[in-house]
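*Asks:* Protein sequences, first through last, are from chains A and B. If you use this note's numbering, the first sequence corresponds to residues 1 to 321, in order. If you use this note's numbering, the second sequence corresponds to residues 1 to 343, in order.
To give an idea of the interface, some chain A residues facing chain B are shown, with a C-beta separation under 7 Å as derived from the structure:
#1 218
#2 221
#3 222
#4 228
#5 237
#6 240
#7 316
Pulled from the structure, derived: some chain A residues nowhere near chain B, Cβ distances all over 12 Å:
#8 13
#9 48
#10 68
#11 81
#12 98
#13 114
#14 120
#15 132
#16 263
#17 284
Just so you know, these hints were derived from the structure itself, not from any lab. Everything numeric in this text was worked out from a predicted model, so none of it was measured. A virtual CB, placed ideally from N, CA and C, is assigned to each residue, including glycine.
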Amino acid sequence: MVRFLVRRVLLGVFVMFVVTIVVFVIFFVGPGSADVARTMAGREATPKTVALIAHRLLLDRPIYVQYWHFLDGLLHGNLGYSYYHGQPVTSILKQAFPVTLSLALGAAVIWLVLGVLSGVLSAVRNRSFWDRTVTVLALFFYSMPSFVLGLLLLYVFYYQFTLAGIHLFPGAGYTYLTANPLKWFQGLVLPWTTLALVSAAAYTRLTRGSMLDVLNEDYVRTARSKGLSENRVIYRHALRSALTPVVSQFGIDLGVLVGGAVITETVFGMPGLGFTAVQAIENQDLPVIIGIVIVASAAVVVANILVDAFYAVLDPRIRLH
Amino acid sequence: MALLEVSDLHVSFPTPDGVVRAVRGLSFAVETGKTLGIVGESGSGKSVATQTIMGLTRGARVSGQALFEGIDLLAMSPKELRSVRGAQVGMIFQDPLSSLHPYYRVGWQIIEMIRNNHHEISKAKARERAVELLRLVGIPQPDRRVDDFPHQFSGGMRQRAMIAMAMSLNPKLLIADEPTTALDVTVQAQVLQVMRRLQEEFGTAIILITHDLGVVAEVADDVVVMYAGSTMEKADRYETFGAPHHPYTEGLLQSLPAYGGERERLRPIPGQPPSLINLPGGCPFHPRCPYVMDRCRAEMPPLFEVGGNPAHTSACWLSRDQVERAALRTKVVGQPLAAPAVP
Ligand SMILES: Nc1ncnc2c1ncn2[C@@H]1O[C@H](COP(=O)(O)OP(=O)(O)OP(=O)(O)O)[C@@H](O)[C@H]1O
Ligand code: SF4
Ligand SMILES: [Mg+2]
Numbered sequence: 001m002v003r004f005l006v007r008r009v010l011l012g013v014f015v016m017f018v019v020t021i022v023v024f025v026i027f028f029v030g031p032g033s034a035d036v037a038r039t040m041a042g043r044e045a046t047p048k049t050v051a052l053i054a055h056r057l058l059l060d061r062p063i064y065v066q067y068w069h070f071l072d073g074l075l076h077g078n079l080g081y082s083y084y085h086g087q088p089v090t091s092i093l094k095q096a097f098p099v100t101l102s103l104a105l106g107a108a109v110i111w112l113v114l115g116v117l118s119g120v121l122s123a124v125r126n127r128s129f130w131d132r133t134v135t136v137l138a139l140f141f142y143s144m145p146s147f148v149l150g151l152l153l154l155y156v157f158y159y160q161f162t163l164a165g166i167h168l169f170p171g172a173g174y175t176y177l178t179a180n181p182l183k184w185f186q187g188l189v190l191p192w193t194t195l196a197l198v199s200a201a202a203y204t205r206l207t208r209g210s211m212l213d214v215l216n217e218d219y220v221r222t223a224r225s226k227g228l229s230e231n232r233v234i235y236r237h238a239l240r241s242a243l244t245p246v247v248s249q250f251g252i253d254l255g256v257l258v259g260g261a262v263i264t265e266t267v268f269g270m271p272g273l274g275f276t277a278v279q280a281i282e283n284q285d286l287p288v289i290i291g292i293v294i295v296a297s298a299a300v301v302v303a304n305i306l307v308d309a310f311y312a313v314l315d316p317r318i319r320l321h
Numbered sequence: 001m002a003l004l005e006v007s008d009l010h011v012s013f014p015t016p017d018g019v020v021r022a023v024r025g026l027s028f029a030v031e032t033g034k035t036l037g038i039v040g041e042s043g044s045g046k047s048v049a050t051q052t053i054m055g056l057t058r059g060a061r062v063s064g065q066a067l068f069e070g071i072d073l074l075a076m077s078p079k080e081l082r083s084v085r086g087a088q089v090g091m092i093f094q095d096p097l098s099s100l101h102p103y104y105r106v107g108w109q110i111i112e113m114i115r116n117n118h119h120e121i122s123k124a125k126a127r128e129r130a131v132e133l134l135r136l137v138g139i140p141q142p143d144r145r146v147d148d149f150p151h152q153f154s155g156g157m158r159q160r161a162m163i164a165m166a167m168s169l170n171p172k173l174l175i176a177d178e179p180t181t182a183l184d185v186t187v188q189a190q191v192l193q194v195m196r197r198l199q200e201e202f203g204t205a206i207i208l209i210t211h212d213l214g215v216v217a218e219v220a221d222d223v224v225v226m227y228a229g230s231t232m233e234k235a236d237r238y239e240t241f242g243a244p245h246h247p248y249t250e251g252l253l254q255s256l257p258a259y260g261g262e263r264e265r266l267r268p269i270p271g272q273p274p275s276l277i278n279l280p281g282g283c284p285f286h287p288r289c290p291y292v293m294d295r296c297r298a299e300m301p302p303l304f305e306v307g308g309n310p311a312h313t314s315a316c317w318l319s320r321d322q323v324e325r326a327a328l329r330t331k332v333v334g335q336p337l338a339a340p341a342v343p
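Bound-form chain A, shown alone (with noise of 0.2 Å):
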């Protein structure tokens, strides 16, 4: 088990450096030096501010120094200045970070568990009444895209909300949740459900495939045979492995999003991740962007080591090789 996840982790550990090297590669080799000095140093600076840019980034040097340098930076938590802010970049994430967090935790936590029941609804009592509803629903949502839903919840909860004198939830910002704990909360109710509603659709569907295949293996029906519950049978025996696909695919979609989502926060307005990179490509402003990447990346390298993790505990199988 220790072995395995070290294992994981290392791995883990050398697809980051190759994120950096190819982070590295698209813009700072590709473009040439001359270019990366002068957007670096933003649009309105002089030759001379740009000519110490080039030598500060050391591109002057050999490319391996170079790479060392910005590597280097990174490894001191130091990803440069955003020319539009001038902020540091760290800090632009350390904001920006919580945000996308939120959201996406949030979300995953309800799509969750909302996929998984009703896709274990669906499969037990297979081709009946709720089967049906359950399969045209997630279609439906499934289908839909999250901006459409996302406007849709906004005119009806907020604005016709507002217009009826109701203020339950607001349209749009972030409050953090250290500043105002139920502020936090309304403001996130929309966008979770924007987010939950559109991917829950997929787990349900996913849930539902996974435990019908389950519901046929033999060990299933052992645990009847032994004379337990058909609820014991159904969540103890069959979702227990039912739900190693889905946990895959949760990862996977969890990384993703940790990574900024993109559209629900533009429609909400919130300054995540996603929001704040769509601000950094139309500014330009290159260090922004790829801290952006690498955090993303990072998001993404450390779903798939929890998945990983999390196989192992439910499967004895790769525990214990």
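Chain A is fixed; fit chain B with the ligands onto it per the hints.
*Replies:* Showing chain B with the ligands alone in chain A's frame:
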């Protein structure tokens, strides 16, 4: 009264290709403490029949009666049936490799079954009992192996663990569905021995399902021969092996090495079992029967008494006189059945 008395059981599955009639009018009885062998080729409905009795087939149309201690299992509510499963009737399934849950320890699976029926037993006590059961079925170092996962057991050990679990509540009946098919010959013998020992110790009745008549010859008191979902012949072990009436039973026997004369040359019955969606009219065995007559194609024979013995019945139009039947056998098959040494 028999412990379990199944009469006129029908099971069919509606499928896109048509209705699969897996069991058609099956009847048999199991006496307390005795072993009933159910024999038949692959697909003859052995598993479906026994699992249906315990309410384990899904999506099937079922009719008939299965009286367990006088109460019809097929008419029970799911809750009543659950109290029979495990506690009164233990089951072992065909494939030991996939019948245990891969994610739970072997001991945990046995303990779960014990505590599900006896809430008052502590975890520690249930564990002791699990270890005891594993010892009983011959698992080495049971106090350590109880914490193993199924994938750490060999096929034979998994089947023993299944037997230990099925016997954990001292059921009155054990349904063993081809408990030895997936195992190699030496392990087969060991597993059968374990079952026989448990039967002697606890007085458990056993339904032993197999397509291997050799296994039946070793352990069964009575034998039911099934073909295409119906009973072909029912008799005790001596009659089945010494004086079989039904041509299908005869064919099965001839495919055994001990009967063929030359040990090496097995003689499988020529032809294939019929499709259960489009069954042939009349006797279901007629397309493969060396004795086939016009009547066989037209009319399904009911179960007749053979040789004036009410315990021996056969669904065949041939003469029920044992002497005439033997003469006919010599004429058609060309040789009499060599009398086997029934153990
Ligand atoms: N759920 C189902 N739907 C449709 N047909 C089924 C279903 N379950 C079983 N059958 C069919 O019923 C027939 C009898 O199957 P069964 O498993 O009882 O055979 P068996 O005698 O146990 O054979 P084997 O020796 O291979 O185990 C087979 O033709 C099988 O294909
Ligand atoms: S009824 Fe006819 S076809 Fe069927 S087994 Fe008897 S002789 Fe053969
Ligand atoms: Mg079978």
